[in-house]
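Asker: Chain by chain, the residues:
4 protein chains.
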Amino acid sequence: MIDIQSGRATSGFAIESVGVTGLRYPLVARDDVTGEEQATLATWRMAVALPADKRGTHMSRFVAALEARGRRPLGLTEHWHFAEHLTQLLGAERADIETEFTWFRLVKAPVTGQAAQLESKIGYRAVTGASPQKTLRVQVAAKALCPCSKAVSDRGAHNQRSDIEVQIDYEPAATQPAMSSLLALLEQSASSPIYPLLKRDDEKYVTEAAYDNPVFVEDIVRNAATQLVQLPGISAFQIQAINRESIHAHDCYARIVWSRG
Amino acid sequence: MIDIQSGRATSGFAIESVGVTGLRYPLVARDDVTGEEQATLATWRMAVALPADKRGTHMSRFVAALEARGRRPLGLTEHWHFAEHLTQLLGAERADIETEFTWFRLVKAPVTGQAAQLESKIGYRAVTGASPQKTLRVQVAAKALCPCSKAVSDRGAHNQRSDIEVQIDYEPAATQPAMSSLLALLEQSASSPIYPLLKRDDEKYVTEAAYDNPVFVEDIVRNAATQLVQLPGISAFQIQAINRESIHAHDCYARIVWSRG
Amino acid sequence: MIDIQSGRATSGFAIESVGVTGLRYPLVARDDVTGEEQATLATWRMAVALPADKRGTHMSRFVAALEARGRRPLGLTEHWHFAEHLTQLLGAERADIETEFTWFRLVKAPVTGQAAQLESKIGYRAVTGASPQKTLRVQVAAKALCPCSKAVSDRGAHNQRSDIEVQIDYEPAATQPAMSSLLALLEQSASSPIYPLLKRDDEKYVTEAAYDNPVFVEDIVRNAATQLVQLPGISAFQIQAINRESIHAHDCYARIVWSRG
Amino acid sequence: MIDIQSGRATSGFAIESVGVTGLRYPLVARDDVTGEEQATLATWRMAVALPADKRGTHMSRFVAALEARGRRPLGLTEHWHFAEHLTQLLGAERADIETEFTWFRLVKAPVTGQAAQLESKIGYRAVTGASPQKTLRVQVAAKALCPCSKAVSDRGAHNQRSDIEVQIDYEPAATQPAMSSLLALLEQSASSPIYPLLKRDDEKYVTEAAYDNPVFVEDIVRNAATQLVQLPGISAFQIQAINRESIHAHDCYARIVWSRG
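Here the protein sequences come in this chain order: F, S, R and L.
If you want this note's numbering, it's the 1-based position in the first sequence plus 87.
If you want this note's numbering, it's the 1-based position in the second sequence plus 87.
If you want this note's numbering, it's the 1-based position in the third sequence plus 87.
If you want this note's numbering, it's the 1-based position in the fourth sequence plus 87.
Derived from the structure by calculation, the hints contain no laboratory data.
Because the structure is a prediction, the values reported are computed rather than measured.
One or more of the hints may lead you astray.
Since the list gives no way to pick one copy over another, a pair counts as held whenever it fits inside one copy or between any two copies.
To be verified - Calculated lysine-lysine pairs in the DSBU-like style (CA-CA distance at most 30 Å, straight line): (1) K291 - K141; (2) K141 - K286; (3) K195 - K291; (4) K208 - K291.
Take the sequences, apply the hints, and build the full model.
Answerer: Shown next, in the form of structure tokens:
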């Protein structure tokens, strides 16, 4: 049967990335430090570079490789190995493989100690080839209370949910940090963590704690950056916070971009 | 050329709605009370009922009719006439026509008076036929400050953006109310309106006003309902508020469903 | 500590639904017929009715109840029991509990037999009280090839991904059907199922099978309806298909609404 | 009144971007070549760089500046001037200003000539400062018919809607190209344009034209790249196509990244 994808291309343009996207697949995610594993749902983007003279890639191999790896737990290191495997399997010089999934922590309310699951989003990205990249993405929500609103008002202060996102590039040999410590670092950069379950005593605690710790969106990313640079094995990071302003219909955001050296 | 859509169907099932959806089109929206017109962007869903013995409808006629009406301003009454026109044009017993667009108001900050445009979403729905329905949808954001958090805490109170949505069914002969008064009614059901532009003096005002007027999500929909029932020409409504909780990753919501008699 | 939620309300309006929404939680979903269980990710909406004289509900109890049930597998029947439990727990006359999750099947390519996971969306809804409702929602993608395009063209025919959604109301005592048979019923209503993984021989098969079985969006919902009415225990259903038209920027859709007697 | 934003920051981290996002505003968009103007709806992201020693920016100035410019038409050149104005207004070394809006063309069906509006998305981005960037973003849908499916099948070929996106960096002095010619360039890279309105004769034409011109997702971006490099004033571009596969639940994509010299 004719194989058109393997034909020659003549435009002279190499393809930077070609592959599949928006592919949902069951995943057992793994925290490489603690060994904790969670069955969850992942969304994949899997692509390779294609030289100028090759017409097409073999899209079905991405899905076949995902199925072949079965339910083996996936941490950042294992994800890197999977990207290297795909690079070979597709006969490519570079692969760019990204997965994103929901990760849960059992979080206790600060006073009553009542616990429930709190979601966050974790992503792994691996780019193989001449300029390798090993990236961890973390997204978590926290509470931001406005210092200006507090300072100028006789009572109260506006506050809102803030979505904090970080992308961390790791040295090739570095291992993934404990999810929970990284998530805590981000939450502590804001006015207060948020919680899945609060009783009245907890609500009092969170309200007052946030009021006592006001932060601008600029402060959140600076607080996080100050902690992130102290983590081992990090070569670069981007940290962004988006405040879902409770006094506006639009959002405010701030971003720090940092790289070692 | 063969016309397959006009063929006979044999399953015995009538189609409740068949048509196009997700169709974006330029729109001049009109406030029937004030006469104000705005050039904006609409998303349309246009469908008709299809009897059990007819195989298909003529999808292209929906788009042709939209183009044919050109830039004539569209208020709720004109929307109803357009639905009647489509009912005839498609040879249907019932049409179900819905459009949604962004509508702006020039809103002044409460102290400095600085003004900017504030968005809201407006929708019209017209169902023709034996059980006619003429519905106005309005969606606007406001600020909600939690009464429990205020009452139990020594300082501060958690607050958040609240998305308030109402669907109002009008008597056939009723005209659309002034957009601005309906939007104001909804905003005043919450702790405070939100604003596109606030200077420090305004921020103090809004912060304190919201602190002085705490509402649960249940209160918002009850406050709105109390006002809505007094409006003329309304046969039924649904009012819903969704608080984007600043202490949780999930939202809270409340809904009231009301009909006359 | 003061309990404001338990205070009295005076507006005279009962709240139809009040609760939490957009709450993501780990879930072990269960197929009641086959007994198959899958660890997946659910999004919950959980609400109760609130009488006119009660000011607020106790939002934290929804999350606490979800955590308390732990990882017990959830089929449609168990979901109903959970809704009854929440009705009692919140002291309500009616609860309205909905969960939606991604469900996977191992699907084989039609010629080579190569298998991979294919996603679909499943939802359960339970409304307790005077007008109980027990609803299964299923959403799956399939392939639709246009009969008109085939009939009028000398070669080829336009085709597209079609998203098929059904909501089935079950008699109180009915059990959930096997997911896989319901999903297959929906896929067979279109021109062809879609697949997670196809080699060239499979692609030939699917292309020709779809070309030999053209369907309008109206045909898809009628084909499905013809099969659905024959299933036991169904009191009502809504079936909808949305074709992501490959010749337009907008979509086409059709819906059948059916109830027994 | 105290001005906390103007206070000093001590973390040592400069903020790469701080500002507002998700801000919807009415816009009169302008095609700099043809002079055509359209009233539409824009979504803005507006940010500036903040030095390490400054605590906060003045968010309200972004919205005030947007309101102050009123309904003056906005082309890519005027957008650049607006970014320069904001840079000054915020006292920043660099601003990063992005707007995205829906742009319509009146498109005629290929045989009957029946015309209707067809949407596309246009975006402008301007980054001022030491490394200035002037970027035009264009997103349009087209039809892609699979060459492999056509070659291996005895009849038919799978095809789908393809979303084509390009980001073009312009030399500082370059003017925006005519929207319509750029959109046509992208559409002609696929198997066929799509249309807002097709009668049966048109549907035959489009079906056969697409069948006669099969393209992989890789071909689409190469076809577009071959044309784009010939346009004057372009310093770099990224072109991406995403095929909404009609045989899969996931999408396929390809991307070319190019820069002059």
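Asker: A separate judgement is required for each hint: does it hold in the structure or not?
Answerer: How the hints compare with the structure:
no.: 1; hint: K291 - K141; verdict: between (63 Å within a copy, 23 Å between copies)
no.: 2; hint: K141 - K286; verdict: between (61 Å within a copy, 19 Å between copies)
no.: 3; hint: K195 - K291; verdict: within (15 Å within a copy, 34 Å between copies)
no.: 4; hint: K208 - K291; verdict: within (28 Å within a copy, 35 Å between copies)
Checked against the numbered hints above, the structure breaks none of them.
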